[in-house]
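Number of protein chains: 2
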Amino acid sequence: MEIGIDSFAAAMFNDTEDKATRNANAIAQLLERIEYADQAGLDVFGIGEHHRKEFLDSAPTMILAAAAARTKRIRLTSAVTVISAADPVRVFQNFATLDLISNGRAEIVAGRGSFIEAYPLFGYKLEDYDALFAEKLNLLLTIRDNEVVTWSGRFRAPLRNQAIYPRPVQPSMPVWLGVGGTPQSFVRAGTLGLPLMVAIIGGETHRFRPLIDLYREAGAKAGHAPDRLKVGLHSIGYVGNTTREATNDFYPGYAEVFTKIGRERGWPPVTRTQYDAQTGPTGALLIGSPQEVAEKILRHSEALGGVSRVTFQMDQAALPQEKLLKSIELIGNQLIPLIRQH
Amino acid sequence: MEIGIDSFAAAMFNDTEDKATRNANAIAQLLERIEYADQAGLDVFGIGEHHRKEFLDSAPTMILAAAAARTKRIRLTSAVTVISAADPVRVFQNFATLDLISNGRAEIVAGRGSFIEAYPLFGYKLEDYDALFAEKLNLLLTIRDNEVVTWSGRFRAPLRNQAIYPRPVQPSMPVWLGVGGTPQSFVRAGTLGLPLMVAIIGGETHRFRPLIDLYREAGAKAGHAPDRLKVGLHSIGYVGNTTREATNDFYPGYAEVFTKIGRERGWPPVTRTQYDAQTGPTGALLIGSPQEVAEKILRHSEALGGVSRVTFQMDQAALPQEKLLKSIELIGNQLIPLIRQH
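If you read the protein sequences in the order shown, they are chains A and B. Going letter by letter, the first sequence gives residues 1 to 342 in the numbering used here. Going letter by letter, the second sequence gives residues 1 to 342 in the numbering used here.
Chain A extracted, bound-state conformation:
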């Protein structure tokens, strides 16, 4: 099982420097965490894509390119690329270049995004939400699999016998499907034989089993070998020396951020009782001691029929850099060995 971290490159709002310096520092600290994760032996680091003030990741491949120049082994991925609102030609060019810079460590997680700002910003209609994703994904895979492409669709100018450069180092750049809770998305990933990255950021993880079964059944029906049908898990997580320390450290920032997002989406404010339930044995939040979180990951993996990759999203709770670095170190030196010896 691969273990990694995902970040949305949160902007900084809480200190006294001017805005530009703050945000340059936020990026410098994020790059330091990626370097640290590489050195601590983590397998993968992902950067999200958002087009709003709270995040600095509207151009995630730029951050990944900078990270590629400072790391040696860790795989670098989007988490997710909002492919629906992007031009797959540019997306492929960015990731192929990342693959050259990183010498074969680039991956794409393509998704529809959980926020919707990208649609009006790039001139798309939310009513085309599903058609956009299907068409753009199809073009991305076509470009991945063919140097010279002839293609036409509704949402992008046609390509007639046109070549897309550069070509990546990897013979076939990994493209995962990043999904939330929509059953059709699980079926689509299975039918296409694409690895599946499931975001489970609340509730109980084992409840996703029926959706994962849908994925595996669709994959089998379409004739894809079981080893192609990999499942990854993106969850909010944070590892501390003890479970008590980790849960207490993480709560204040978590409550603030998710109460704020909840206000936009009509969720009730976060409560500590609810948080404690989700940090419990079957809850989605991967927060605790290395031992406890390792056991939880293995429990989730068993409940879902086997998980190939788990990524922690830990930097939305505005914890100080030294706490985040310590958490990465604990994941590399303690949690990963516990998972591997299992």
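Honestly, the hints are just simulated from the structure, not real lab data. None of these values were measured; they are calculated from a predicted model. Check the hints yourself; a few may be wrong.
Stated by the list, open to error - Residues from chain B that face chain A, not an exhaustive set, calculated with beta carbons under 10 Å: (1) F55; (2) T61; (3) A66; (4) L126.
For every residue, glycine included, the Cβ atom is placed at its ideal position computed from N, Cα and C.
Here the structure of chain A is known, so what remains is to put chain B in place on it, guided by the hints.
This is chain B only, laid out in the frame that chain A set:
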């Protein structure tokens, strides 16, 4: 006067490794040259944009982001961004992210491109060549100058009170106009009060004086202060220990590449006589000893009424990496001091 280097990230074709490894090596060597230029005290490094097999720079900001992560002082620019075929929102997001990664060292040179592959690849018509450039440049500058934008045009979905993030470190990200020999382009740059980057890759440099005068006159007429009307020069160049060594080293690769490009554009094959004329005192090629090239740059600057930036394009002639590094070292340690003491 600032001195720098521009590269088009030439793909490698002449060795025995497989294609992907070759191209990853080409990028690794390019990043090494940028690091070296930073350490040698050069002021700026630029990456071009091309969408063809011979070059690896279809996503130039990715290469610049990797370079930003490995350098401390050198400014990082496009050379040029083919803005006509791009979405200015994505372009700005990429460069603003570069500015955060580099802590305020990003610049954009916006141009129409000297090759035309980008137009059909992104669904644009060559007949809109000029209208595309004017509109996209206008949107780029609007986004640069305003966090929240309301805008509409012919070639891109409208923006209605929409914010573009992240914002850069620099209060106003430098946007230069990259031009060839079209008089209207010089007038446009002057009228807009944008710094001008002129590509002079052949002939005699002083012959551009009337066009540069057009730029300065248009700028004065539009009310821009003379110090805003900066002129930069992008030329093919290479510095060696002696003029004889530099010109002989550079010729074979130069002849091959420009004979090949000439075939597409209907130019006659390159000859040594012609090359020798252009490496002479008034020719455009900045090839020779540090002393000779420094004198030539000062001569060109005087002939053009003052030049603020000169960039050398040196890596298209397929010279080995050690020769290019040596050239960068000579530029930093010998040529720049000669220019500065003038």
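Those earlier numbered hints the structure runs against, lowest number first: 4
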